[in-house]
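**Q** The lines below spell out each chain.
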Amino acid sequence: MSQVDTEQQLEPDGDRPRIKRGVPEGLWIHCESCKATVFKKQVEKNHSLCPECGHHFYVSAHGRIEQLLDEDSFEEWFDNLMPLDPLGFVDSKPYKDRLVAEQRKTGMNEACIVGRGYMRGRPLVLGLTDSAFIMGSMGSVVGEKLTRAIEKATELQLPLVIVSGSGGGARMHEGILSLMQMGKVSAALARYHKAGGLFISVLTNPTMGGVAASFASLGDIIIAEPHALIGFAGPRVVKATVKIELPDDFQTSEFLLKHGFVDRIVKRPELRAEISKLIDYCGK
Amino acid sequence: MAPQFQLPFERPIFELEDQLSKLESQANPSTALLDSIRNMRVEIARLKREIFDRIDAWDTVKVARHPERPQTKDYIELLCEEFVELHGDRAFGDDRALLTGFAQLGDQKVLLVGQQKGRTLKERNECFYGCAHPEGYRKALLKMEMAAKYNLPIVCLIDTPGAYPGIGAEERGQAYTIALNLREMSQLRTPIISVVIGEGGSGGALGIGIGDVVAMLQFAYYSVISPEGCAGILWKHVKFADKAARALKFTSGELLKQTVIDEIIPEPLGGAHRDHRAMAATLKAFLLKHLKALSSLPKDELLERRYQKFRKLGVYTETAAVQPAPQSVPA
Chain H
1 MSQVDTEQQL EPDGDRPRIK RGVPEGLWIH CESCKATVFK KQVEKNHSLC
51 PECGHHFYVS AHGRIEQLLD EDSFEEWFDN LMPLDPLGFV DSKPYKDRLV
101 AEQRKTGMNE ACIVGRGYMR GRPLVLGLTD SAFIMGSMGS VVGEKLTRAI
151 EKATELQLPL VIVSGSGGGA RMHEGILSLM QMGKVSAALA RYHKAGGLFI
201 SVLTNPTMGG VAASFASLGD IIIAEPHALI GFAGPRVVKA TVKIELPDDF
251 QTSEFLLKHG FVDRIVKRPE LRAEISKLID YCGK
Chain S
1 MAPQFQLPFE RPIFELEDQL SKLESQANPS TALLDSIRNM RVEIARLKRE
51 IFDRIDAWDT VKVARHPERP QTKDYIELLC EEFVELHGDR AFGDDRALLT
101 GFAQLGDQKV LLVGQQKGRT LKERNECFYG CAHPEGYRKA LLKMEMAAKY
151 NLPIVCLIDT PGAYPGIGAE ERGQAYTIAL NLREMSQLRT PIISVVIGEG
201 GSGGALGIGI GDVVAMLQFA YYSVISPEGC AGILWKHVKF ADKAARALKF
251 TSGELLKQTV IDEIIPEPLG GAHRDHRAMA ATLKAFLLKH LKALSSLPKD
301 ELLERRYQKF RKLGVYTETA AVQPAPQSVP A
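Heads up: the protein sequence lines correspond to chains H and S, in order. With the working numbering applied, the first sequence corresponds to residues 1 to 284, in that order. With the working numbering applied, the second sequence corresponds to residues 1 to 331, in that order.
These aren't lab readings, by the way, just hints derived from the structure by calculation. Owing to the predicted nature of the structure, the values given are computational and were not obtained by experimental measurement. Here a beta-carbon is modelled for each residue, glycine too, at the ideal position from N, C-alpha and C. One or more hints might be untrue.
Some residues of chain H that are not near chain S, with every Cβ distance over 12 Å (derived) [as the list claims (entries may be wrong)]:
hint, residue
1, Ile-29
2, Cys-34
3, Thr-37
4, Asn-46
5, Val-141
6, Glu-174
7, Ala-187
8, Ile-265
Some chain S residues near chain H, calculated using beta-carbon distances under 7 Å [unchecked claim]:
hint, residue
9, Ala-27
10, Gly-166
11, Ala-175
Starting from the given sequences, assemble the full structure and let the hints guide the process.
**A** Next comes the structure, spelled out in C-alpha cells:
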C-alpha cells in the first residue's frame, strides 16, 4: 500500500536495491550487513543470524514455526484456502501466473500460515506472514486466514501471536479487497481484545504499509527483531515527498522503540523465551 | 457557472458552452435563435451524458481530483445548518487535513468527520493537500468516541490521496493510529456512514472508513494504492498510472460490483464540480435516509452487521486442489 498521488514522486526504480528474499543456494552466503561471506550451515544453526555480526537473515514461515514452537506441536489451520484473481489483474505478467510462480518458488499456497501449537508447553494460536510470497502482502487469503485464526483464538480463549514479515502491505493485485482485509482483521482483533485475549505482535523485516497499519500494530505487546524495516509509507515515497535526507535509523525497529511504538526489541534466538515469559505475565 | 479548470476530455462540452453563451448574449433574439439555443442546451446535456457515461478509470481519477470539485468544507457550508468545529487530538496538535465537529443536518444532529484537501495554496499547504498525519486520525477517533458516548451518529467524508508519507508522520505512528481507528471504529456503538466524496486513498481513507453504510460519489475512486504508486512499483514508472488505474478497478461501479460499497451517489450531469448545490442536495438526502434507517437498529445488531459487512469481504477458494501450473510460467 502506498499513499501518494503527486507525480514524479516515484522514480523509475532501475537503481533501486532489490532485496533478495530467501537464503541463496549454495554453501556460502554473503552478509549484506557486515559484508562477510559466511558458511550457510552455520547461519542456519544460528537461527539464521550472521555468525560474524548477528545480522538477522530472512527466515521462512515454516522455519519460524520450528524456531518458536515445541517440536511437532503445530497444527496448521485453513491451509486449503487458495487465492483467486478477482480483478483479472495483469502487470508484467498475469496475477494468476504470478500466484502459481510464487507457490512454486515458496512451496506455500499463500503468504500466510496460521494454526495452533505449543510454546514451551503453552498452548497458543500462531499466525505468520512470509515475505518470500509476493512480499508477504495481504490479499483476501491472508486476511481471511488471520481473521479465522483470531476468531478461533477468541473462541478457544488462547493467546495469539502473529509474526509479521510483510513488506508489501495490502496486496495491490487484488485491489480494494486487500484494503478491506485491514478492516476485517482489525475488527476481529477488536472482538478478541474485548473478550480479554492476549495478542503479542512480532514485527520482523519488513513490516510495512497496510500490514503495519492494521493487525501488526494492534498487539497488546509489540516486539520487533533488531534492525527490521517497519513503517507505514515506503522510505522511497517518504524521501520523494519530504525531499530531505532521511535519518539513518529511519523506520527501523530502533526508530520505533525510540518513538514509543514498540515495547521491546528482541533478538531472534531469544524470541521463544521472551514470548513465553510475556504470556506468563499476562496469566494466559 | 462553468468551471474554470478544464479536463481534456471535457473540451467538446466547453466548446459548445462557449457557442451557447455567444448565442445567449445576443440582444432581441429571434424565434429561430431561441430554437437553436434550446437545441444547443439539449445537445450539451446529451454530450455531457455521453462523455461522462464512458470515462475510464484514469479520467475518473482526474474528475475526483478536479480542483473545483466540492470538498468537505463546501459540503459543511451546503449541507449543514450549523457546524461546531472541535479541534485537536489532546496529544500533538490540530490536523487541518481532517476536520471534526458537531453538525446539524436537517433534523439530525451528527458528528461530522471530513478530510479537507484545501483550495488556495495557503490552505493546501496547511492541510498537506488532504494528507492527514497521525494527529488527524487520533483527533477523529477521540471525537468519534465522544459521539458514541452521546449517541450521536457519525458521518465521515473521505477525500484524501493517502495518509501523509513524512518523517514526522512515521515518528508519531501513522501506522498505529490508522490501525487503532480500524479496530475501534468497528466497535463504536453509534451509526457510522462513510462516503468517499473524491479520492479514497488507501489506508488514509480506510482510517475513517469503517462504516455501517459505505458509499461513493459516482466519480470518486477508492483504492488500495494510488495509481501513481502502483505504476511506480509494478510498471516501474509513474507514467503508466493510467494503466494501473484501469487494472486496479477502483471506480464506484467496480466497487459496487465487488460489494465493497453499498451505494453509488449519482453526481450532477458533467460531475460534481459543475454543480456544488445539486451535489450537496443529493448527498444530504442520501445521508438523512440512511441516518434514519440506522438509528432504528438496536446497537448490538448494528455492531454485528458492521462486523459481518467487513467479515464477508474477500475472494478465495477453499478447495485443496492445487491449481495446474500454466505453460507460460517463467523460471
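**Q** So, for every hint listed, does it hold in this structure?
**A** Hints, verified against the model:
no., hint, verdict
1, Ile-29, "holds, 22 Å"
2, Cys-34, "holds, 27 Å"
3, Thr-37, "holds, 26 Å"
4, Asn-46, "holds, 31 Å"
5, Val-141, "violated, 5 Å"
6, Glu-174, "violated, 7 Å"
7, Ala-187, "violated, 4 Å"
8, Ile-265, "holds, 16 Å"
9, Ala-27, "violated, 47 Å"
10, Gly-166, "holds, 5 Å"
11, Ala-175, "holds, 4 Å"
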